[in-house]
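Taking the UniProt record's numbering, the leading residue of the sequence shown gets 1, the next gets one more, and so forth.
Worth flagging that the hints you see were computed from the coordinates, not collected in a lab.
Any given hint might turn out to be false.
Stated by the list, open to error - With beta-carbon atoms standing in for the labels, derived distance ranges:
(1) 88 to 156: 24 to 30 Å
(2) 174 to 47: 21 to 27 Å
(3) 26 to 131: 23 to 29 Å
(4) 200 to 69: 40 to 46 Å
(5) 35 to 67: 31 to 37 Å
(6) 200 to 11: 16 to 22 Å
(7) 110 to 27: 40 to 46 Å
(8) 192 to 108: 16 to 22 Å
(9) 140 to 12: 40 to 46 Å
(10) 78 to 191: 15 to 21 Å
(11) 173 to 111: 27 to 33 Å
(12) 194 to 88: 41 to 47 Å
Unchecked claim - In silico DSS-like pairs for lysine-lysine, Cα to Cα no more than 30 Å straight-line:
(13) 49 to 26
(14) 49 to 68
(15) 49 to 74
(16) 109 to 23
(17) 109 to 68
(18) 109 to 49
(19) 74 to 23
(20) 49 to 23
(21) 26 to 68
(22) 109 to 74
From the three backbone atoms N, C-alpha and C, an ideal C-beta is built for every residue, glycine too.
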Amino acid sequence: MQGQVAATGGDDNMVNLWRMREKETKNIMSLSGHQSAVESIVFDPAERKVVAGSQAGSIKVFDLEAGKVSRTLKGHMASTTTVDYHLYGDYVASGSRDTIVKVWDLRTKSCMQTFKGHSSEVTAVSFTPDGRWLTSGDQDGVIKIWDLTAGRLLHEFPDHGGAITSLEFNPEEFILVSSSADRTVRFWDVQEFALIGVTPVDNATTTSMCHTVAEPYSGKYLFCCSQESIRVWSYETAIECHDSVVMPRQKELGI
Numbered sequence: 001m002q003g004q005v006a007a008t009g010g011d012d013n014m015v016n017l018w019r020m021r022e023k024e025t026k027n028i029m030s031l032s033g034h035q036s037a038v039e040s041i042v043f044d045p046a047e048r049k050v051v052a053g054s055q056a057g058s059i060k061v062f063d064l065e066a067g068k069v070s071r072t073l074k075g076h077m078a079s080t081t082t083v084d085y086h087l088y089g090d091y092v093a094s095g096s097r098d099t100i101v102k103v104w105d106l107r108t109k110s111c112m113q114t115f116k117g118h119s120s121e122v123t124a125v126s127f128t129p130d131g132r133w134l135t136s137g138d139q140d141g142v143i144k145i146w147d148l149t150a151g152r153l154l155h156e157f158p159d160h161g162g163a164i165t166s167l168e169f170n171p172e173e174f175i176l177v178s179s180s181a182d183r184t185v186r187f188w189d190v191q192e193f194a195l196i197g198v199t200p201v202d203n204a205t206t207t208s209m210c211h212t213v214a215e216p217y218s219g220k221y222l223f224c225c226s227q228e229s230i231r232v233w234s235y236e237t238a239i240e241c242h243d244s245v246v247m248p249r250q251k252e253l254g255i
């Protein structure tokens with residue numbers, strides 16, 4: 001989700017954009033192009049493109065102004081389960097059920113780097129805030145950190161006891177937050193390669209996370225979302241600062 005617009009994908013092979021307002025959610029664009037279910041999706045930082053990965057493994061880049069596919073990237077041999085967009089260039093990272101992590105150059109429509117090392121499905125990828133490294137998490141609960149310049153593995157964290165469901169960097173600091181099917185959220189100092197905090201999440205597995213980005217609150221609060229609730233955490237107090245909001249059960253589309 002970016003600003004007041006959310007992008008979703010589902011079994012109908014479509015990418016849909018929604019205008020999110022207090023009393024109304026409105027579909028403002030439907031994008032076709034994939035021939036199989038959409039399994040992962042991300043906006044570019046300027047909100048001019050949407051990148052979507054499919055069950056067939058292909059990745060499509062949609063130009064939102066033109067309302068159509070501008071790039072198709074092929075290379076994964078199984079579903080593309082996760083994608084992330086680089087903050088400072090036209091680069092996209094992808095992870096797949098084929099256990100491979102790839103980095104793509106959208107200008108040349110080519111794969112720049114292929115990282116092998118995971119022994120199970122890659123479930124999450126996230127660039128570091130400075131864009132020099134890439135993190136990836138898998139079904140076994142392992143997180144790996146890759147050096148994009150050297151093209152090699154820097155470090156791995158095997159601490160989680162379940163599949164990694166989301167990876168999110170604090171926009172103001174070099175802190176990685178990971179959520180897992182083991183029902184914990186963990187905080188990592190990536191520069192020191194150290195675990196600095198563990199927060200149990202008792203009610204349900206966290207499926208997605210995001211930070212506040214608007215000043216003066218940038219990076220101060222973390223939102224952890226599950227199928228049942230949304231929790232808000234403060235970095236300054238290191239405690240939950242808002243009671244969880246219980247969400248009504250409904251069929252999840254994937255955002």
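Outcome of the hint check:
1. 88 to 156: 24 to 30 Å: holds, 25 Å
2. 174 to 47: 21 to 27 Å: About 25 Å separates the Cβ atoms of residue 174 and residue 47, which means 21 to 27 Å holds.
3. 26 to 131: 23 to 29 Å: violated, 34 Å
4. 200 to 69: 40 to 46 Å: Holds: the Cβ-Cβ distance is about 43 Å, inside 40 to 46 Å.
5. 35 to 67: 31 to 37 Å: violated, 18 Å
6. 200 to 11: 16 to 22 Å: violated, 33 Å
7. 110 to 27: 40 to 46 Å: Since residue 110 and residue 27 have Cβ atoms about 34 Å apart, the given range 40 to 46 Å is violated.
8. 192 to 108: 16 to 22 Å: For residue 192 and residue 108 the Cβ distance comes to about 35 Å; the hint is violated.
9. 140 to 12: 40 to 46 Å: violated, 31 Å
10. 78 to 191: 15 to 21 Å: Roughly 33 Å apart at Cβ, these two residues miss the hinted range, so it is violated.
11. 173 to 111: 27 to 33 Å: holds, 31 Å
12. 194 to 88: 41 to 47 Å: violated, 26 Å
13. 49 to 26: Roughly 19 Å between the alpha carbons, so the hint for residue 49 and residue 26 holds.
14. 49 to 68: holds, 10 Å
15. 49 to 74: Given that 30 Å is the threshold and the Cα spacing comes to 18 Å, the pair holds.
16. 109 to 23: violated, 40 Å
17. 109 to 68: holds, 16 Å
18. 109 to 49: holds, 15 Å
19. 74 to 23: violated, 40 Å
20. 49 to 23: Holds. Residue 49 to residue 23 sits at ~26 Å (cutoff 30 Å).
21. 26 to 68: holds, 20 Å
22. 109 to 74: holds, 9 Å
Hints 3, 5, 6, 7, 8, 9, 10, 12, 16, 19, counting from the list given before, are not met by this structure.
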